[in-house]
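**Q** In case you want the letters, here they are:
2 protein chains.
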Amino acid sequence: MLTEKQLQNFAELAVRVGANMQKGQEVVIRCDVNCQDFAHLIAQKAYEFGAKKVHMEWRDEKLDRINMLNATKDAICDIPKYQTELWNYFIDRKCCLISISAEDPNKYKGCDANKLSAYQIAFQTARQLFRNATMSNYLRWTIVSVPTPEWAKQVFPNDPVNVAVDKMWDAIARIMRLDTPDPTAAWRKHIETLVSRAKFLTEHNFEYIHMKNKTGTDLKVGLAEGHVWIAAEEDGQDGVPFTANMPTEEVFTAPHNRKIDGTVVNALPLVNNGNVIDDFSITFKDGKVVDYKAKIGYDALKGLLESDEGVLSLGEIALIGKNSPIAQSGILFYNTLFDENASCHLAFGASYPTTVKGGNDMTDEQLAARGMNQSIQHVDFMVGTKDIDIDGIGYDGKVVPIFRDGDWII
Amino acid sequence: MLTEKQLQNFAELAVRVGANMQKGQEVVIRCDVNCQDFAHLIAQKAYEFGAKKVHMEWRDEKLDRINMLNATKDAICDIPKYQTELWNYFIDRKCCLISISAEDPNKYKGCDANKLSAYQIAFQTARQLFRNATMSNYLRWTIVSVPTPEWAKQVFPNDPVNVAVDKMWDAIARIMRLDTPDPTAAWRKHIETLVSRAKFLTEHNFEYIHMKNKTGTDLKVGLAEGHVWIAAEEDGQDGVPFTANMPTEEVFTAPHNRKIDGTVVNALPLVNNGNVIDDFSITFKDGKVVDYKAKIGYDALKGLLESDEGVLSLGEIALIGKNSPIAQSGILFYNTLFDENASCHLAFGASYPTTVKGGNDMTDEQLAARGMNQSIQHVDFMVGTKDIDIDGIGYDGKVVPIFRDGDWII
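So the protein sequences, as listed, match chains E and F. Count the first sequence with the working numbering and you get residues 5 to 414, in order. Count the second sequence with the working numbering and you get residues 5 to 414, in order.
In case anyone wonders, no lab produced these hints; they're calculated from the structure. Be aware that one or more of the hints could be misleading.
Chain copies aren't distinguished; within one or between two, either way the pair holds.
List of simulated lysine-lysine pairs, DSSO-like, C-alpha gap at most 27 Å [what the hints assert, rightly or not]:
#1 Lys98 x Lys85
#2 Lys299 x Lys289
#3 Lys111 x Lys9
#4 Lys297 x Lys111
#5 Lys299 x Lys111
#6 Lys66 x Lys402
#7 Lys297 x Lys193
#8 Lys66 x Lys263
#9 Lys326 x Lys402
#10 Lys119 x Lys27
#11 Lys98 x Lys66
#12 Lys77 x Lys263
#13 Lys361 x Lys218
#14 Lys263 x Lys216
#15 Lys77 x Lys98
#16 Lys402 x Lys263
#17 Lys218 x Lys203
#18 Lys85 x Lys289
#19 Lys27 x Lys297
#20 Lys113 x Lys77
#21 Lys77 x Lys27
Chain E with its partners taken away, still in its complex shape (with noise of 0.2 Å):
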């Protein structure tokens, strides 16, 4: 468990660091009732730091639970106006966005796949306006995570809900630098680190990304023309600076969704609205899935792959070494917002705007010219094995090495 100065210094990360709320601003607090004691400590934090109002949007997993296994699929399918116009109000207003995610990853376990994918389209298709703003940064937001006590168990399954749940703090505290002195300085350091090799991987202008391994991953990943690898903090279209992740340990960019071919192997779980997806792999030609396999949840995959055109392609690379905290701690989280943090990963669906010069004013055409990729999912899945060697492939062919068994040499 944290201590109270701890906790304190966490919404702060949250409210500054992360969404970095501007004075006067209305803030909206996402995230589950079973979170409530943390969000009244981020609303609590918002306020000394000048919010003009908070907002929530509060989730409910069992209730979610629940009427997967109970109402049809026309009702569960009938997207309520009320939820649209809670977003609406969210982008009218400019809110900045704090998300708390703590998924019990068994959330659907055992539910129907056919109604729990019919559900996923029409969720996502009634959030698409919303999830524009917040994809290409109109709305600041940010990510966190705390700890309850069916995704403790499921991450520390042989330990008392109890002492899963005291472990689970202790591993986000030190992801999260909360034992350092002063987690918000810690945060302006590490964020440096991050975009000194996002310039580094944008000034190089790569054709293809290479990557490798022992496993069945080999697949080269064009990427889009124009495309700018992100790290850590991006700008809002305000041109105020925020942390979507946090954690985050990643160096993003866009594939290019006509240039990817070859195989790929996970390298981790994926977990995909509380169901899990397990090895598996996935083989692409000319930026598309022509096969793909999976021992456990092809079903799931299946639902994934077949909701819409878009997610057949890829919309993100993002490149993490296995020194990061998180990939150190060992700890596998059923969450990708700590898992994609592990390892380098691909995202089936759609690609951010943010990450081509210039994306937030083109428009839909001029984005899939530059081979950016459309559709309304974004599903993370890992794929950084500890021995995956990686290469950046410029348009004059010549090669100059990322990464070497599974770490950064740059």
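Given chain E, work out where chain F should sit, using these hints.
**A** Same frame as chain E, but now just chain F:
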């Protein structure tokens, strides 16, 4: 603490006897995030009895307090459109509504009374359409309660919090008849008794109710023309009966808002929006408040009585014997749902259109002509002392004794 079976019975009471949810209906559960466990039980139970879909209207009293203490009056009074859209949706879909009432009586303790009262006006104004939909029985609705630590601590201040919560559960189990083998059957019988008393009073068609005791109350409350006494069960506009309050012990009707004269002294504290008002008296002339005093919470009473014109008259008169199970428990709950069922009470503000014959089909003008009161408020306060005598006075001047020494004699 209740057994699992008792909790299940409790949830069933809310769904079947309370809101009387019909197969295929959408359900709204309105509750604080701190009551999520019971909300999930109700959701599950609703599906067992054929709900189409379960929605949540989350409240968060801790955040409400943080907002009230920190946001400006303008920010607080700016009721977001997503809030009214939520209520409009519930009306459009003809949802039935199950509220879990478990407010911390000190929720707003120490907050600025002026800001609080401005907020109440803004909130109730925004909520008018929805309130009309429930008060006119267009939507079927019910209120039930479960203990929370903050509330239990207020009710049993000398006990450790876990003991206080246990005592509260025990009290609720008895009051809700969950200690009987078949609570649903026990409720049906109880409802029958109350309904027969209401019938007796309606048939007498009294012009006035006269309340008198030894602690200063001497009040003649005229009754609306064509009034109907209601108890326990009412019909929704769709003809389906429901029980709006669980527990309920009251038999109530509408005062005539131009025929109230005399003085009434409160018998129990009034908790309004997290403020305790006590030791107060109200004097009426020709149906309107012309004077009021309060030793505790004067500002809160003043704020309430200044919220609109209609709040200065009465919208409800309700009779409850001193031998009701709630009165017998001897517990002051600081919660209207219970305390109003321990004691005869009156309500400042709006009357229920259902308490005159054909009221739901009348215009506001027609209702007003009958003496029905209109206001954005409806706030109960308890006046039934153990020594109260109550008479009915007919249009012919005939006096019929109804209560002697605080209990029914009919």
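**Q** Decide, hint by hint, whether the structure agrees.
**A** So, going through the hints one by one against the coordinates:
1. Lys98 x Lys85: both (20 Å within a copy, 15 Å between copies)
2. Lys299 x Lys289: within (22 Å within a copy, 81 Å between copies)
3. Lys111 x Lys9: Answer is between: at 25 Å across copies they meet the 27 Å cutoff, but 32 Å inside does not.
4. Lys297 x Lys111: within (24 Å within a copy, 55 Å between copies)
5. Lys299 x Lys111: For Lys299 and Lys111, only the intra-copy Cα distance (20 Å) is at most 27 Å; the inter-copy one is 53 Å.
6. Lys66 x Lys402: Intra 52 Å, inter 60 Å, cutoff 27 Å: neither.
7. Lys297 x Lys193: Neither way: Lys297 and Lys193 sit 41 Å apart in one copy and 62 Å across, limit 27 Å.
8. Lys66 x Lys263: This pair counts as neither: shortest intra-copy Cα distance 41 Å, inter-copy 52 Å.
9. Lys326 x Lys402: within (25 Å within a copy, 92 Å between copies)
10. Lys119 x Lys27: Only across copies: Lys119 and Lys27 sit 21 Å apart there, 43 Å inside one copy, limit 27 Å.
11. Lys98 x Lys66: Answer is between; shortest inter-copy Cα gap is 24 Å, intra-copy 30 Å.
12. Lys77 x Lys263: Neither: 37 Å inside a copy, 56 Å across copies.
13. Lys361 x Lys218: Neither: 35 Å inside a copy, 83 Å across copies.
14. Lys263 x Lys216: Classified as within; 17 Å inside a copy, 89 Å across copies.
15. Lys77 x Lys98: between (34 Å within a copy, 20 Å between copies)
16. Lys402 x Lys263: Answer is within; shortest intra-copy Cα gap is 18 Å, inter-copy 95 Å.
17. Lys218 x Lys203: neither (29 Å within a copy, 85 Å between copies)
18. Lys85 x Lys289: Answer is neither; intra-copy 40 Å and inter-copy 48 Å both fail.
19. Lys27 x Lys297: neither (50 Å within a copy, 43 Å between copies)
20. Lys113 x Lys77: within (17 Å within a copy, 45 Å between copies)
21. Lys77 x Lys27: Only across copies: Lys77 and Lys27 sit 17 Å apart there, 44 Å inside one copy, limit 27 Å.
When the structure is compared with the earlier hints, violations turn up for hints 6, 7, 8, 12, 13, 17, 18 and 19 and for no others.
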